[in-house]
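**Student:** Residue-level listing of the chains:
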Amino acid sequence: MSRDSRRTLFLVASVGFAALFLWGLAGLPDFGGYDGVYGETLNRVALRQRHATNLVAAVTFDYRGFDTMGEEYILFAAVVGVAILMRAQRDEEEDTPDDDARDRLTPRTSDAVRVLGLGVFGPIVLFGIYVVAHGHLTPGGGFQGGVVLATGVVLVYLAGRYSALRGITPGASAELAEAAGAAGYVGVGLLGLMASGTFLYNWLPFGTTGLLTSAGMIPFINLFVGLEVAGGFVLILTEFLEQTLVVREVDSGGPEGKRERDRS
Amino acid sequence: MSFAPFAVAAWLFVIGLYGIVTSRHLIHLVICLSVVQSSTYVLLLAIGYRTGAAAPIFVDTKPGAPAVDPVVQALTLTDVVVGATVSALLLALAVQVHKASGTFDPDELDTLRG
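Protein sequences, first through last, are from chains A and B. Okay, so the first sequence: first residue is 8 according to this note's numbering, each after it adds one. Okay, so the second sequence: first residue is 99 according to this note's numbering, each after it adds one.
Chain B on its own, in the form it takes in the complex:
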């Protein structure tokens, strides 16, 4: 099962995208986008993992002891922050869309109104 984490990443990506495509509610759509983004966290961390290695925190391990890749972990941190900001912006947009049109259903938003 050495490919299982990659399969999880692919599954999260596809199922999140399916949720976005078939969404009936803008808030649900934003959550689905978070699910898609979380697939990238799993993928990044899976790529940097090495069997038997510790976290790249050298507090009580000797320097030179096997550790997983710190670069992908730092990238994942960036990813999480960007994901949170994107969600905040999209939720703010959803609030304004609801005010302007009275609906959260993307299919009822036939035209963009100012």
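Here chain A stands alone, though its shape is the one from the complex:
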């Protein structure tokens, strides 16, 4: 389909979309005039029921805990998918990312980036752990904190040379963290099953509202999700970096050369 005909189809479809959207909008309450039943009920009872001050976390990891487990496995499957897509293909091999021309002048990472990167690494990791650990109290949680933790590792890549860091990159430990996070969520669910006969039942004492140790199982689920997300994102980023720096086509013609061959 040509670009013009696609555009025409889009215009026709967007007229239809506008009609449906306006029809749906007419049935919605005005912006700010929310009158949903579930949110209303949760806002009234959740604090008393779960002792978690962050109701979003209470919904995500407790009331909707089973859905979030599915969400976590979407992330898990996507990370595995990226790893499979990015592995060396049949006509590729993995090469060491060392510079073959050792006397060539390559731009060094500037001192400012190195100092700042390494200086910020510690606080970023601490902040990530804080966000994960306080997910049931204040905005944050495993998903958000996990991404913050992953950016810490990216800072190390940025401050150092990837080729030099490759030997100590947390590839294996990231895989371990991701697997442990995924398994830990199910483990928490199974503990609930054993304790009460209900999967993901929040059976731990709820503690004092506002303390780190409150909200029963929610902090533990947050911890496992944080592990999973941090590990998963580090793995995804590592796969993309490896693709640039390590994976080489065996025939060094490159994509352009290959295209030429295909045409001839």
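Rather than coming from a laboratory, the hints here were simulated on the basis of the structure. Just to be clear, a hint being listed does not mean it is correct.
As the list claims (entries may be wrong) - Derived DMTMM-like pairs (lysine to aspartate or glutamate); straight-line CA-CA distance at most 25 Å:
#1 K160/B / D42/A
#2 K197/B / E249/A
#3 K160/B / E47/A
Put chain B on the given structure of chain A with help from the hints.
**Tutor:** The following block gives chain B in isolation, referenced to the frame of chain A:
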């Protein structure tokens, strides 16, 4: 202007879709898909909003004080995570497409090659 957030959601959806339809570059296409997805964030949060209500975080507000809907916020969190994973997968596919065909232009990909 009580409908403005819904209009923003609709605009993000349509303009992102337009970008996908007319895209000349696979990376651009993935970004446009992110724009379409962000329309769902705006829509979900707009539906749960209540005038004058606080965030559903009861640290320094009294229980029972008006708060916006926590359910749609949790759904938005799910949405963001799924959006990030979809983008990662599609970008990985784009890298492999470029390797296989030497182009990022969707129109030049007349056939799918293994």
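**Student:** For each hint given before, does the structure comply? Return the numbers of the non-compliant ones in rising order.
**Tutor:** The structure breaks none of the hints.
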